[in-house]
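Novice: The lines below spell out each chain.
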Amino acid sequence: MFYIIDILGTISFAISGVLVALNKRMDAFGILIIAFVTATGGGMLRDVLIGDTPVFWMTNMTYVYVILATTISAVIIKRKIDYLKTPMFMFDTIGIGLYTLVGIQKGINLGLHPIICISLGTMSACFGGVLRDILCNQIPVIFRKEVYATACILGGVSFFLLRKLHVDSNFIYLISGVIIITIRLLAVRFKISLPNVYKDDVEEINL
Amino acid sequence: MFYIIDILGTISFAISGVLVALNKRMDAFGILIIAFVTATGGGMLRDVLIGDTPVFWMTNMTYVYVILATTISAVIIKRKIDYLKTPMFMFDTIGIGLYTLVGIQKGINLGLHPIICISLGTMSACFGGVLRDILCNQIPVIFRKEVYATACILGGVSFFLLRKLHVDSNFIYLISGVIIITIRLLAVRFKISLPNVYKDDVEEINL
Amino acid sequence: MFYIIDILGTISFAISGVLVALNKRMDAFGILIIAFVTATGGGMLRDVLIGDTPVFWMTNMTYVYVILATTISAVIIKRKIDYLKTPMFMFDTIGIGLYTLVGIQKGINLGLHPIICISLGTMSACFGGVLRDILCNQIPVIFRKEVYATACILGGVSFFLLRKLHVDSNFIYLISGVIIITIRLLAVRFKISLPNVYKDDVEEINL
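Residue numbers (my numbering), protein chains in the order written: chain A, 4 to 210; chain B, 4 to 210; chain C, 4 to 210.
Check the hints yourself; a few may be wrong.
Given that identical chains are not distinguished, each listed pair holds provided it fits within a single copy or across any two copies.
As the list claims (entries may be wrong) - Distance condition first, Cα-Cα at most 25 Å in a straight line; then the derived PhoX-like pairs of lysine-lysine: (1) K27 <-> K148; (2) K27 <-> K81; (3) K167 <-> K194; (4) K194 <-> K27; (5) K109 <-> K27; (6) K27 <-> K167; (7) K83 <-> K27; (8) K83 <-> K109; (9) K194 <-> K148.
Since the hints were made in silico from the structure, they are not lab data.
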């Protein structure tokens, strides 16, 4: 089950990379690299920072095959990719829930502090997109509209609260995963974002 | 003592990150990440390149708490942050002196060549700002006006010269730290910068 | 022999870094860092991702000396660097052949899958330029015109095909190195690039 969600999440992330790369008029190699970095970048950064090397995609070929197949398919059907927006959004949201939990678990295995574990979870879920945006020479989207990251952080906090209450670990995973997914869905549905720190300024500057 | 300087340096670096992020109209999450990367990025890169993982801020929670508190405070008082310019400049300058020494020491512990140790020191002190600028999608400031880096390199060179002379190690730290701080202060005071490699060109191009 | 090619490749990569940095009006420190990252970045990323730390240039001072000397020379003769275009192109091409083989060999030593080894080889040869472009705040050239990367990938594929055929390992190195070099030369000579995924669009957007 976890495995299938992981694959679906990888596919969604890879497609989002393909779309940005197409938009930047990259060639086939560029598109593949951007898709790859978007799908694996967060987990790769996590593995490098905790020293869990070779990084995860080097020892499990599934990721490479899935991303390769996704990229080729996405380029071929690119004119029709709009129809996939809704399922992609769902996979993507479920994917960040799962990625966050994987990152938290890796931190726990190393005996790190809960705050560090939550950071690792958020990093796993969100930094693929950050690396994608850096490679595409744009300010990371997530630093402007952070629904993603807030959902991961709150899910991570509930994970450790439930753990304090000695809830069964399968339930902890389930509940905190559902919390991340629900927050993301609600935030997008009701256009919730973080309180604006610029509210005392007269007008917004368009960058 | 070292510990207090480290904290003050971290605070100064974090505030510089907050200011750049505010300037780029980032949201709360973006501001926090930029503050964090500015304060820890140099040491984090150093730890990754030498394989000292999990990286330093994962095993000592002080950094996380200090940066979190600094970021929140800086956002709240952002209109008055100008008054802090002078103390911040001092902490920041003392901070780079200390960060350079920490980097050099880590290199020595691994038995690396003095030039590599000096690189690690300079990296610790300067690459937080480089990563901040990359995440904010601008050419790193330090590659244009490098007072910072030159001070770190010269301080590192004097560190190893004094070591050759078998000076007591406490003195070595003290003297080379003071050299870095003095060069930086003098350079800023007298607007010294590296000799211009473009001097044979008729005019500067504004980028 | 390998050693000399490695040095010549490093020199060519460093010069390409100097040229981009000069073009961005960087100061002496910026130029040095860009030259260094262009020459070592691919191998450095490879070493970090597989956990082979401290990264290669920290334990063999040759790279540091060569890049330092190259950068200083390149800045001094910068007005005449045009005359070096042809030999530089040759060193550079031979260099990517060699870098690819070094990356592949490191992957094999770790028992990684051939596809991962080929990725490591391509990364070693191509990601110095990617990091250079990120530091210079531009979309990586290689994601737009990928002659480089395709040559590395095809060379890597032939490496493993020859290995399957139990060819003597010295020959495998020689032949796949020559394949990489030949594809690159032919591609540049006959302006071959990857099939354009945008061919169904009416016009190209100039970014």
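Novice: Each hint needs a verdict: does it hold in this structure or not?
Specialist: Do the hints match the structure? See the list:
{"no.": "1", "hint": "K27 <-> K148", "verdict": "both (21 Å within a copy, 13 Å between copies)"}
{"no.": "2", "hint": "K27 <-> K81", "verdict": "within (14 Å within a copy, 32 Å between copies)"}
{"no.": "3", "hint": "K167 <-> K194", "verdict": "neither (32 Å within a copy, 56 Å between copies)"}
{"no.": "4", "hint": "K194 <-> K27", "verdict": "between (27 Å within a copy, 22 Å between copies)"}
{"no.": "5", "hint": "K109 <-> K27", "verdict": "neither (34 Å within a copy, 33 Å between copies)"}
{"no.": "6", "hint": "K27 <-> K167", "verdict": "neither (47 Å within a copy, 39 Å between copies)"}
{"no.": "7", "hint": "K83 <-> K27", "verdict": "within (18 Å within a copy, 34 Å between copies)"}
{"no.": "8", "hint": "K83 <-> K109", "verdict": "neither (38 Å within a copy, 41 Å between copies)"}
{"no.": "9", "hint": "K194 <-> K148", "verdict": "within (10 Å within a copy, 39 Å between copies)"}
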